[in-house]
Amino acid sequence: MKFNRTLIIGVSFVGFSCFLALLSLVWTPFDPLEINPDISLARPSAVHWLGTDENGRDILSNIIVGSRATLLTGVLSVAICMLVGVTVGVATAISPRWVESPAVFGIDIVLALPTVLFAIVLAAVYGPSTLTAIVAIGIALSASVAQVTRREVNVVLLADYVTAARSSGSGTWRIVRKHVLPNIRSSLFVQASGACAIAILAESTLSYLGLGTTPPAPSWGRMMASLQQFLLIDPIFPLWPGLAIVITVLGFNLLGDGLREALDPTLRASEETAVDDELRSASSTGTTNAGSH
Amino acid sequence: MLVDVRNLTIRFGSRTVVDDVSFSLDAGHRLGIIGESGSGKTLTSLALIGLLPDTATVTGSVLFDGKEMIGASDRELSALRGNSIGMVFQEPLTALNPLMRVGKQIGLPLRTHRGLNKQASLAKATELCARVGLPDPERIIRSYPHQLSGGQRQRIGLAIALACSPRLLIADEPTTALDVTVQKEVLALIGELVREEGSALVFVSHDLPVVSSMTDRVAVMNQGQIVELANVRALFSHASHEYSRMLVRTARQSDEDLAGLTTGENQ
Numbered sequence: 001m002k003f004n005r006t007l008i009i010g011v012s013f014v015g016f017s018c019f020l021a022l023l024s025l026v027w028t029p030f031d032p033l034e035i036n037p038d039i040s041l042a043r044p045s046a047v048h049w050l051g052t053d054e055n056g057r058d059i060l061s062n063i064i065v066g067s068r069a070t071l072l073t074g075v076l077s078v079a080i081c082m083l084v085g086v087t088v089g090v091a092t093a094i095s096p097r098w099v100e101s102p103a104v105f106g107i108d109i110v111l112a113l114p115t116v117l118f119a120i121v122l123a124a125v126y127g128p129s130t131l132t133a134i135v136a137i138g139i140a141l142s143a144s145v146a147q148v149t150r151r152e153v154n155v156v157l158l159a160d161y162v163t164a165a166r167s168s169g170s171g172t173w174r175i176v177r178k179h180v181l182p183n184i185r186s187s188l189f190v191q192a193s194g195a196c197a198i199a200i201l202a203e204s205t206l207s208y209l210g211l212g213t214t215p216p217a218p219s220w221g222r223m224m225a226s227l228q229q230f231l232l233i234d235p236i237f238p239l240w241p242g243l244a245i246v247i248t249v250l251g252f253n254l255l256g257d258g259l260r261e262a263l264d265p266t267l268r269a270s271e272e273t274a275v276d277d278e279l280r281s282a283s284s285t286g287t288t289n290a291g292s293h
Numbered sequence: 001m002l003v004d005v006r007n008l009t010i011r012f013g014s015r016t017v018v019d020d021v022s023f024s025l026d027a028g029h030r031l032g033i034i035g036e037s038g039s040g041k042t043l044t045s046l047a048l049i050g051l052l053p054d055t056a057t058v059t060g061s062v063l064f065d066g067k068e069m070i071g072a073s074d075r076e077l078s079a080l081r082g083n084s085i086g087m088v089f090q091e092p093l094t095a096l097n098p099l100m101r102v103g104k105q106i107g108l109p110l111r112t113h114r115g116l117n118k119q120a121s122l123a124k125a126t127e128l129c130a131r132v133g134l135p136d137p138e139r140i141i142r143s144y145p146h147q148l149s150g151g152q153r154q155r156i157g158l159a160i161a162l163a164c165s166p167r168l169l170i171a172d173e174p175t176t177a178l179d180v181t182v183q184k185e186v187l188a189l190i191g192e193l194v195r196e197e198g199s200a201l202v203f204v205s206h207d208l209p210v211v212s213s214m215t216d217r218v219a220v221m222n223q224g225q226i227v228e229l230a231n232v233r234a235l236f237s238h239a240s241h242e243y244s245r246m247l248v249r250t251a252r253q254s255d256e257d258l259a260g261l262t263t264g265e266n267q
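Listed in order, the protein sequences are those of chains A and B.
Residue 1 is where the first sequence starts when you use this note's numbering, and the numbers rise one by one after that.
Residue 1 is where the second sequence starts when you use this note's numbering, and the numbers rise one by one after that.
Hints listed in this document are in silico derivations from the structure and should not be mistaken for laboratory results.
Glycine included, each C-beta is placed from N, C-alpha and C at the ideal position.
Just so you know, not all the hints are guaranteed correct.
As the list claims (entries may be wrong) - Taking CB as the label site, the calculated pair distances span:
1. T172/A to R11/B: 22 to 32 Å
2. R245/B to N154/A: 38 to 48 Å
3. D19/B to T172/A: 44 to 54 Å
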């Protein structure tokens with residue numbers, strides 16, 4: 001795998017968020033929940049680097065701790081959507097038509113439901129929590145993962161090497177394991193990374209609406225909701241959680257693009273064959289000469 | 001009789017692409033199927049190994065060693081494919097998995113049918129590479145398909161097809177995608193290996209000179225039907241069907257053209 005600039009920027013942005021989440025487990029500048037009305041809405045200073053909110057809580061500490069909920073949602077909902085989506089996508093692609101058509105119809109229905117609406121319904125039934133948000137986002141995203149996976153699998157199943165594998169006695173299960181999954185691997189990585197960006201954005205949206213992570217646990221979305229009231233006092237207040245969301249989402253998107261570039265076998269092959277062709281022509285003239293004598 | 005095809009008809013919807021085809025092949029014998037693209041020769045060869053697409057409607061009978069291939073379950077067919085029947089494909093690049101080392105690809109049929117473990121299958125793959133005339137087999141089995149030339153890839157395809165010493169080898173235009181010089185080497189190799197293994201050969205091509213150099217008998221296909229089934233010699237001396245006569249004429253004509261070119265050069 002070759003590293004490219006997009007991938008490096010993506011990895012460092014995502015790495016920064018992960019670093020914050022790990023840091024929050026051992027250290028924060030202040031107790032993120034400590035209320036101190038005397039210093040409410042303080043501007044950034046040497047003590048409170050990013051200032052304080054309306055209750056005098058340290059914004060930096062809240063952002064550091066808030067990264068936990070954000071990344072947890074991202075990772076877990078991606079785990080759900082990849083597990084469900086890839087299974088459904090592969091299963092529908094290899095199943096006979098009378099199973100495939102209704103399954104595809106079902107996927108289309110889930111796709112048509114807006115993620116946020118689905119999460120609102122789920123939150124109304126089970127009460128808002130990080131877990132509700134994770135499940136809602138995971139299920140909603142698995143539909144699009146299933147759709148893309150099914151399409152990719154169908155392309156691979158038409159490839160000559162799958163016919164060739166069949167002709168040498170491989171059954172469907174072995175073909176999926178040995179030929180289909182490795183060949184859609186790069187697409188799966190890209191999808192997972194993109195899904196992670198969408199999931200984080202969705203979690204922030206839900207928390208903003210009060211349907212995600214519940215107080216007192218800090219969350220970027222809820223910080224946005226409360227700090228935006230003071231936008232007219234100083235726009236710097238809602239800037240910080242916004243910036244945190246943007247960096248993380250951008251990081252995952254860039255990571256996805258970078259992975260696509262780094263894992264694409266055609267890009268990789270063309271680089272290697274250029275060199276190989278020369279070696280090959282040199283060696284093949286050698287063998288023909290040897291053969292003719 | 002190893003292969004017995006009776007009244008094989010293949011339809012896609014209302015379109016008949018293979019129409020009432022019958023032929024048979026004894027163990028160790030060689031049959032050529034010749035015809036232009038769309039004549040149904042490839043579908044006929046796929047029917048022999050049970051690889052027709054699901055959308056095809058198939059009637060008639062294909063007996064391999066007394067077993068009916070039409071309508072057989074996937075499990076029954078998988079047991080035969082790569083084991084008793086091997087197949088070599090036209091495009092040596094696309095017929096290999098781009099992300100799997102070729103040694104592993106050669107080893108897969110051995111692991112499926114012979115129950116070999118990873119090491120044993122790789123050792124056998126190295127042996128097979130040497131047998132199909134690849135230089136430095138130790139290095140080749142660790143290569144990916146795109147690191148090999150077309151001719152080398154087709155030799156790999158042949159090694160996969162012959163891994164389990166099949167009783168029937170089907171070769172569907174195995175040299176069409178190769179350079180003329182490489183073509184000759186690969187054809188000679190197929191002939192040699194089939195003789196050594198004692199396998200029967202079904203050789204599909206659009207090229208009469210190639211088919212006649214590889215096989216004893218030729219089935220000429222045109223628009224889904226076998227219009228003539230004859231010995232190679234008989235076909236050249238007195239072809240009965242108009243289409244076969246045209247094929248023979250064209251082959252002769254290009255021979256003469258070549259001869260003319262050579263004498264022209266000498267003057």
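Now for the hints, and whether the structure bears them out:
Between T172/A and R11/B the Cβ separation comes to about 25 Å, which falls inside the hinted range of 22 to 32 Å. Restraint check, R245/B to N154/A: a C-beta distance of roughly 44 Å satisfies the suggested window 38 to 48 Å. In this structure, D19/B and T172/A break the distance hint of 44 to 54 Å, their C-beta atoms being roughly 31 Å apart.
Of the numbered hints given earlier, the model fails hint 3 alone.
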